[in-house]
Amino acid sequence: MRRAIASLLSCITVAAGLAGARPTEAQPTDYPMKPVRIIVGFAAGGAPDALARIVAEKLTQRWGKPVMVENRVGAQGNTAMAAVAKAEADGYTLALMPVGNAAVNPALFANLPYDPVKDFTPITQIASVENVLVVASGSPIATAQDMLARGRPGPNQRGLTYASPGAGSLAHLAAELLARSTGLSMTHVPYRGVAPALTDVLRGDVDLIFAQLSTAKPLIDGGQLRALGLASARRSAVMPELPTIAEAFGLPGFEAVSWYALMAPAATPAPVVAKLNEAVSQAIKSADVAEAMQAQGATPIGNSPAELSAVIAADSARWSKLVREAGIQPN
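Plus 51 on top of the position in the sequence shown (first one is 1) and you've got my numbering.
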């Protein structure tokens with residue numbers, strides 16, 4: 052009887068071992084074994100979508116597996132970010148997360164459906180996109196000094212108006228930061244999207260706007276917009292003649308740069324995170340991808356997960372402070 056029991060236990064042990072075995076293709080180190088999705092919270096055709104597609108195409112070539120971009124528009128990108136936060140943490144559903152979703156919206160929305168720190172694992176910062184302060188070409192504001200003269204409070208001064216694609220957008224925050232730094236009297240005119248905001252600036256209905264350089268440059272080159280300054284730490288390679296806001300307004304350290312990061316759901320296996328970081332960083336730094344990004348007015352980055360975490364923490368502290376102090380509320 053004892054021999055029979057021992058034999059039975061031995062068989063159970065072997066069977067359990069076989070059942071617990073996993074084929075090599077299921078191991079995280081063999082990632083990816085199926086298509087990967089990059090979720091973008093904004094419509095096709097904009098900077099986030101363009102950057103995601105540039106990266107997706109390069110990864111598809113590298114891996115021989117489809118990397119697809121999926122646009123889920125709504126709630127200033129919050130709907131898409133919430134979907135990725137709830138996705139399986141296996142590296143097959145990723146988010147292209149803008150600075151707004153990572154560092155602004157947690158302070159802007161009382162009931163944000165995701166936490167950019169607790170619900171996500173950082174992969175890498177894909178690129179930064181410079182923002183430029185522009186007015187219509189027919190505006191009486193030709194320089195930063197004109198803007199300061201017209202916008203400072205005083206007798207017979209109506210102040211200035213500025214457009215943005217929405218309350219809490221980086222365009223809104225950049226203008227609010229400029230107003231507070233200079234003492235300018237500036238009234239916010241929020242829109243639902245970049246196109247209507249730019250349209251009213253072009254018509255002269257609103258004085259100015261901070262717009263991404265990739266969007267504004269064709270209109271600047273075409274003589275429809277006039278650029279006053281770049282909201283970055285250094286001048287742009289594509290418009291080297293344009294001074295920074297710091298130079299034009301005498302505001303050392305002024306910076307309001309958009310950026311986009313690749314994020315995975317929290318608890319994504321470390322080997323998968325490492326593979327993603329290596330592949331995406333190498334793709335971003337390749338000559339053809341860098342050229343394609345620069346054509347979009349973007350500067351490739353490709354940093355480490357730890358460096359990206361530090362960027363998110365720093366920008367969260369900076370922008371959430373401004374949101375609270377200015378009492379900014381979503382549209």
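Hints in this document: simulated from the structure, not taken from any laboratory.
This one's a predicted model, so the numbers in the text were calculated from it and none came from an experiment.
The beta carbon of each residue, even a glycine, is placed where N, CA and C say it ideally should be.
Accuracy of the hints is not assured; some may be wrong.
Straight-line alpha carbon distances no greater than 30 Å define the calculated BS3-like cross-link-like pairs of lysine-lysine that follow [to be verified]: (1) Lys137 / Lys109; (2) Lys326 / Lys116; (3) Lys336 / Lys326; (4) Lys169 / Lys326; (5) Lys85 / Lys169.
Derived CB-CB ranges, DEER-like [stated by the list, open to error]: (6) Asp81 / Met119: 56 to 62 Å; (7) Gly301 / Pro269: 35 to 41 Å; (8) Glu292 / Gln333: 32 to 38 Å.
Practice problem: Indicate whether the distance between the beta carbons of Gly301 and Pro269 respects the range 35 to 41 Å. | Solution: violated, 29 Å
Quiz item: Keeping to a limit of 30 Å between CA atoms, is the pair of Lys336 and Lys326 held or broken?
Solution: Within the cut-off at roughly 16 Å; holds.
Practice problem: Given the hint that Lys85 pairs with Lys169, test it: the Cα-Cα distance must not exceed 30 Å. | Solution: holds, 26 Å
Exercise. With 56 to 62 Å as the target window, see if Asp81 and Met119 comply at their CB atoms.
Key: violated, 20 Å
Quiz item: Do the alpha carbons of Lys169 and Lys326 lie within 30 Å of each other, as the hint requires?
Solution: holds, 21 Å
Quiz prompt | Pairwise beta carbon distance, Glu292 to Gln333, judged against the given window 32 to 38 Å | solution = holds, 33 Å
Exercise. Please work out if Lys137 and Lys109 have their alpha carbons no farther apart than 30 Å.
Key: It holds: about 26 Å lies between the C-alpha atoms, which stays within 30 Å.
Quiz item: Hey, Lys326 versus Lys116, does the alpha-carbon distance stay inside 30 Å?
Solution: holds, 14 Å
Checked against the numbered hints given earlier, this structure breaks hints 6, 7; the rest are met.
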